[in-house]
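Here's the letter readout for the chains.
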Amino acid sequence: MNKFLGVIMILTALVLAIAPVFTDCESQGKMLTTADGRSVSMKCHWAGIAEIAAAIPLGIAGIYALRGRRKETLRLAGIVGAASGLMAILLATELIGTCGNPAMTCNVLMRPIVLFSGTLGIVASIALFFVAREPEPPPTVAAA
Amino acid sequence: MSLLQLAWKNIAGNGLRSWVVALCALVVAAFTLFATLLLRGSATSLELAAARLGAEIVVVPEGAQTEIEGALLMGVPAQFWMPEENVEKLLAIPGVEAASPQIYLATLVGASCCSVSEMFMVAYDPETDFTVRPWLEKELPAGLGLGEVIGGDYIFATEGEDGILVYGDLVKLVGNLEPTGTGLDQSLFFTLDTAHDMARVSLTEALEPLVIPPDQVSAILLKTEPGTNTEEIAVEIYRTVPGVYPIQSANLFQTSRMHLESLLNTVVIVMMLIWPLAIVLIGMIYLMAANERRRELGVLRALGATRRFVAESLLLEASLLAFCGASAGIFVAVLALYLFRRLIINSLGVPFLLPPPGLLALQIGIGLLLAMFSVFLAALLPAIKISRQDPAIAMRE
Numbered sequence: 001m002n003k004f005l006g007v008i009m010i011l012t013a014l015v016l017a018i019a020p021v022f023t024d025c026e027s028q029g030k031m032l033t034t035a036d037g038r039s040v041s042m043k044c045h046w047a048g049i050a051e052i053a054a055a056i057p058l059g060i061a062g063i064y065a066l067r068g069r070r071k072e073t074l075r076l077a078g079i080v081g082a083a084s085g086l087m088a089i090l091l092a093t094e095l096i097g098t099c100g101n102p103a104m105t106c107n108v109l110m111r112p113i114v115l116f117s118g119t120l121g122i123v124a125s126i127a128l129f130f131v132a133r134e135p136e137p138p139p140t141v142a143a144a
Numbered sequence: 001m002s003l004l005q006l007a008w009k010n011i012a013g014n015g016l017r018s019w020v021v022a023l024c025a026l027v028v029a030a031f032t033l034f035a036t037l038l039l040r041g042s043a044t045s046l047e048l049a050a051a052r053l054g055a056e057i058v059v060v061p062e063g064a065q066t067e068i069e070g071a072l073l074m075g076v077p078a079q080f081w082m083p084e085e086n087v088e089k090l091l092a093i094p095g096v097e098a099a100s101p102q103i104y105l106a107t108l109v110g111a112s113c114c115s116v117s118e119m120f121m122v123a124y125d126p127e128t129d130f131t132v133r134p135w136l137e138k139e140l141p142a143g144l145g146l147g148e149v150i151g152g153d154y155i156f157a158t159e160g161e162d163g164i165l166v167y168g169d170l171v172k173l174v175g176n177l178e179p180t181g182t183g184l185d186q187s188l189f190f191t192l193d194t195a196h197d198m199a200r201v202s203l204t205e206a207l208e209p210l211v212i213p214p215d216q217v218s219a220i221l222l223k224t225e226p227g228t229n230t231e232e233i234a235v236e237i238y239r240t241v242p243g244v245y246p247i248q249s250a251n252l253f254q255t256s257r258m259h260l261e262s263l264l265n266t267v268v269i270v271m272m273l274i275w276p277l278a279i280v281l282i283g284m285i286y287l288m289a290a291n292e293r294r295r296e297l298g299v300l301r302a303l304g305a306t307r308r309f310v311a312e313s314l315l316l317e318a319s320l321l322a323f324c325g326a327s328a329g330i331f332v333a334v335l336a337l338y339l340f341r342r343l344i345i346n347s348l349g350v351p352f353l354l355p356p357p358g359l360l361a362l363q364i365g366i367g368l369l370l371a372m373f374s375v376f377l378a379a380l381l382p383a384i385k386i387s388r389q390d391p392a393i394a395m396r397e
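Same order as they appear, the protein sequences are chains Z and C. The first sequence begins at 1 in my numbering and counts up one residue at a time. The second sequence begins at 1 in my numbering and counts up one residue at a time.
Check the hints yourself; a few may be wrong.
Claimed, not checked - Quick list of in silico lysine-lysine cross-link-like pairs, BS3-like style, CA-CA up to 25 Å:
no. : chain 1 : residue 1 : chain 2 : residue 2
1   : C       : K138      : C       : K172
2   : C       : K9        : C       : K385
3   : C       : K9        : Z       : K71
4   : C       : K9        : Z       : K3
5   : Z       : K30       : Z       : K43
6   : C       : K223      : C       : K89
Just so you know, the hints here were simulated from the structure itself, not pulled from any lab data. Predicted, not measured: the structure shown is a model, and the values here were computed from it.
Construct all of the structure, not just a fragment, from the sequences and the given hints.
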């Protein structure tokens, strides 16, 4: 079970890190033009870049879920994964956010992808935490 | 050990089989719910849009039928004109109680004088209006004043706290309407006076002036007298007023309704393929599992378990897997539909609105029951077969 959850966490981390690059407004050639004529990136682009920072711990937590054997390690991976998934959602909604117009590409594509992947990452991480909740048996001491 | 514990142990004991069964339940539940919600959401949205229009008959210039559907449903800006004198001609037709003209406009594409590019705008006559005013009465009993606008659910202020720049004219966004899932959500509504004021300001402030031809309107919305036959009135309009096309509200959005019908047929065909295949697959898995577990179940019988206990443990195991798989499928389907609704509207070209919570809960329940019933049905035959075997023979094999 933890291997399956680990795979989901790694996949969601990959989607969180890669998808925003191709689905923000800048990927569609849309940029803000300042009064002096310069083109600057919209905030959805920076939210997309920041998603990489949330995706990395989620991916690492997924690797631990895949390879880890100790229950404590798995539980910790679950906590880190859930926090990273939450961070991914907050980055795209509250902390940085996306463009104001709901019809723009970032709101039609990038934001739903991030929210969907972030939610799946959180659910998988919480599931991992509960799967690994059983206490480990005490270490056996070999008789002399 | 209780029946439930035994079922859980069996589920945990054979991971691959459990995953395959849960996955089948997930696919059946997710697909059923996704398709049902999408189709019902589209139908609800169409009905809501027709109801919000509030007119029994919409009269447009001949040839503009498709354009008005695109504008009202998808927010695709449309501009068409007919003489304003048609209002009087239509009011003279027996059975017509009220007639109100509307002007349809669109903002400029990529122009700095318009905050929003290519936005559909509706100007109405507050003197005769019976379609826009009822929605406003809840929030703005006094109606809209000069320079005031009300937006669909997607419209937001871009200049300051409540300003929107339209053709260089800064108008005040005084509120937003409830969502409909249609193009009305991305449309702007204001009075004819505001439209003419915009046209005046645009002459000096906009990249291109807003042109409203004098004595021309885009559409006329009709309210008929109670008990009259709208079809007869529509025929009379077609006969007596040249150059116009009357659309009855029941026939409005006909293209979308046909589109929905073809989508429904496709979904039914796909369901007819997926559902029996999932049942057969799960049935075969349980048949193989039942054969594998002959000795184990034989021992259980020899220890005193009844036939009913054995059959029930298998069916409970199947039901638990179905419940877990279907719950996951339903969660994914509802989440995906909610988050990607705008993409779906744009891609499929149909309006969409999530049903109210009560109806949503009912549909979720139906999806869950369908998935559980499918798995229960598939596991029923193997469960009966294995529970009937003789314990002594089963343990020897």
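So, going through the hints one by one against the coordinates:
{"no.": "1", "hint": "C:K138 - C:K172", "in the structure": "holds (18 Å)"}
{"no.": "2", "hint": "C:K9 - C:K385", "in the structure": "holds (21 Å)"}
{"no.": "3", "hint": "C:K9 - Z:K71", "in the structure": "holds (20 Å)"}
{"no.": "4", "hint": "C:K9 - Z:K3", "in the structure": "holds (19 Å)"}
{"no.": "5", "hint": "Z:K30 - Z:K43", "in the structure": "holds (12 Å)"}
{"no.": "6", "hint": "C:K223 - C:K89", "in the structure": "holds (14 Å)"}
The structure fails none of the hints (numbered hints given earlier).
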